[in-house]
Amino acid sequence: MNWADLHLMPALPEIFLLSALSVILVLDLFVSDARRGITYLLTLLTLAVCAGIQIATSVPYVTTTFSGMFVDDPLADIVKVGMYGFTAIVLVFTRQYMADRGLFKGEYFTLSLFALLGMNVMVSASHFLTLYIGLELLSLALYALIALNRDSTSSTEAAMKFFVLGALSSGLLLYGMSMVYGATGSLDIVQIGKAIQGGSGNTVLLVFGLVFIVAGLSFKLGAVPFHMWVPDVYQGSPTAITLMVGAAPKLAALVFMIRILVQGMGPMVGDWQGMLVIVAVLSMAIGNITAIAQTNIKRMLAYSTISHMGYMLLGLLAGTAQGYSAALFYAFSYVLMTVVGFGILLALSRAGFECERLEDLKGLNGRNSWYALLMLLTMFSMTGIPPLVGFYAKLVVIQAVVDIGMFWLAVFAVLMSLIGAFYYLRVVKHMYFDEVQDTAPIVVRGDAKLVLSLSGLALLVLGVLPQGLLELCLEAMRTSLAAL
Amino acid sequence: MSFSAVLFYILSAILLVSAFRVVTAKNPVHAALFLVLAFFTSAGHWLLLEAEFLAIALVLVYVGAVMVLFLFVVMMIDINIEKLRAGFWRHFPVAATVGIVMMAEMILIIASPEAGLDSFGQAAPAVAGVSNVKQLGLQIYTTYLYPFELAAVVLLLAIVAAIALTMRKRKDTKFIDPAVQIAVRREDRVRVLKMDVEKAPAKDAGSSEQQQA
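Heads up: the sequence lines are chains A and B, in that order.
As numbered in this note's numbering, residues 943 to 1426 make up the first sequence, in order.
As numbered in this note's numbering, residues 780 to 992 make up the second sequence, in order.
These are calculated hints, taken from the structure and not from any lab test.
Since the model is a prediction, treat every value here as computed from it, not as a measurement.
Some clues are possibly wrong.
Said to hold, decoys possible - Taking lysine-lysine pairs in the DSSO-like style, the calculated list, with each CA pair at most 30 Å apart, reads:
1. Lys1047/A - Lys1391/A
2. Lys805/B - Lys1304/A
3. Lys1103/A - Lys1047/A
4. Lys953/B - Lys1103/A
5. Lys1304/A - Lys1371/A
6. Lys1047/A - Lys805/B
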């Protein structure tokens, strides 16, 4: 092997990201606290350039590099561009919040970029080794981000819980991977797929490993019965970090699952479909029912996340190209809804005050009708009320389940979303029909206000015109997953 | 039973006992030392598998560096172990039951004839004269270049995270930057005020005060 054989072009965005990250890491040492905006702007610029490179180097076919361990396909392209965008939005929303709490430091940006790099590696991995290292890169950055608010005991507790359960789930995942390696003799996802297809793999060992892999993946996704960490982490972290944990990593986790389950163990769809049905049913039920009892809005949104992960799995377990693209569409719309929802919580928080109880939203319409309207759109979208994007996302995943003949699952999903409507609409009731309790003025930076408004309107626009994104998802799936 | 099989069982027994003692030891220093023993015996396992470099690396890195550092930390900080372990034995029966059931299930599956472990057979012994280290080096810097570089990024991240989480400026510190101290000018410290005399001191007022005292 020599250097000319490396073909680094497909990995150009990652290489740029890592280089820019290192530059920012060093430059930030010379920037005083008062001029931290420089680091912030450089980070945003990095994200913009990464997205530019990603789009410029994208090709409508699958390319690999680094001995087949790095894969660049349309699926990776579309998800990575989404992750750059969502990370940038999160940084814009959280600037004031972090500054108010003395957390607007260089490490916040470098750790966020490290997390993004980890997600990129996960999304582009075609080998168990790189999948795992990408996952650890993401997790390690997230543990540190959660614990960044060092003097808060709740943040430290959340980071500790996340760390211990994250390590446990990594152990489960690795154990499963080692079983699959034992049965197929390869760590390369394409080779594993071929071995299983050819029937040369040892079926009992494969299923044994698959159980551990699905358990580990469900842990990472935060699906029932491996969801215990989600509410505590969402509630304990500073709201800005909760948003960081809840947004782009969900996209990466979905692609991570697609790479392992669909590309690697696709021929065993019958085996993992059953497991995912159980996980999806439990997530939708427990997520939606437990959310009703919550008084803390961050905890409520955590349980709502669990239920949304259940819906997303509906698309994945269908095992068809339509299903996978429906799951991807669901992930995109879920992240968009989360970003807007938490964006408003961030806007309502101020120095010395955290907007995290349901009562804090009371009478929001009287204080600022525009934010109340944006929150209303988010809540309606999460419920799945047309013409918002959440409705269309639920429609396509349920469609995917109906297509494979699982009518009971479709009916169950609809019933659970009816239960979920209760707690989403309760938020709307607080905002529009209750007396104002908190009369402090809402001060938001101009750029955050603009991006928040645009993201909120995107919920509506994507709901009315979902075809573009949906076709993009379907096309990406068709090209990237050769077996379909 | 061959010699290596006997060795395997002896090492495994020591490994299991020491791993169990890591969790149950009352004194954290003892727990750390049992962990060292566990690493040593796993290194022995790797030697049996003819992975000499990995065995040595495990001893050098984990036993030599990580665990020694860990022991220092354990000895430096004052851990109230009784408080940490409160409820351990109360939860132990449930945890042990779950663990044993899971282990039994796993053994049943792996040991069942359907698992077909017999078909795997023993790996061929390494050819004499082939260097373990050289093969590993060749693999790491060619085929596995990408994960190798990523591992370096993970280490960089660990450094950044550790510094971000632990470095703080002490509020009560009396430290003064020597450069600032040297560069100080007279004008910064002393201010000479010119003002008019407000009132001439009265002579007899002073003497009367002295008398009172």
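Numbers of unmet hints, in rising order: Numbers 2, 4, 6 - these are the hints that the structure violates, sorted from lowest upward.
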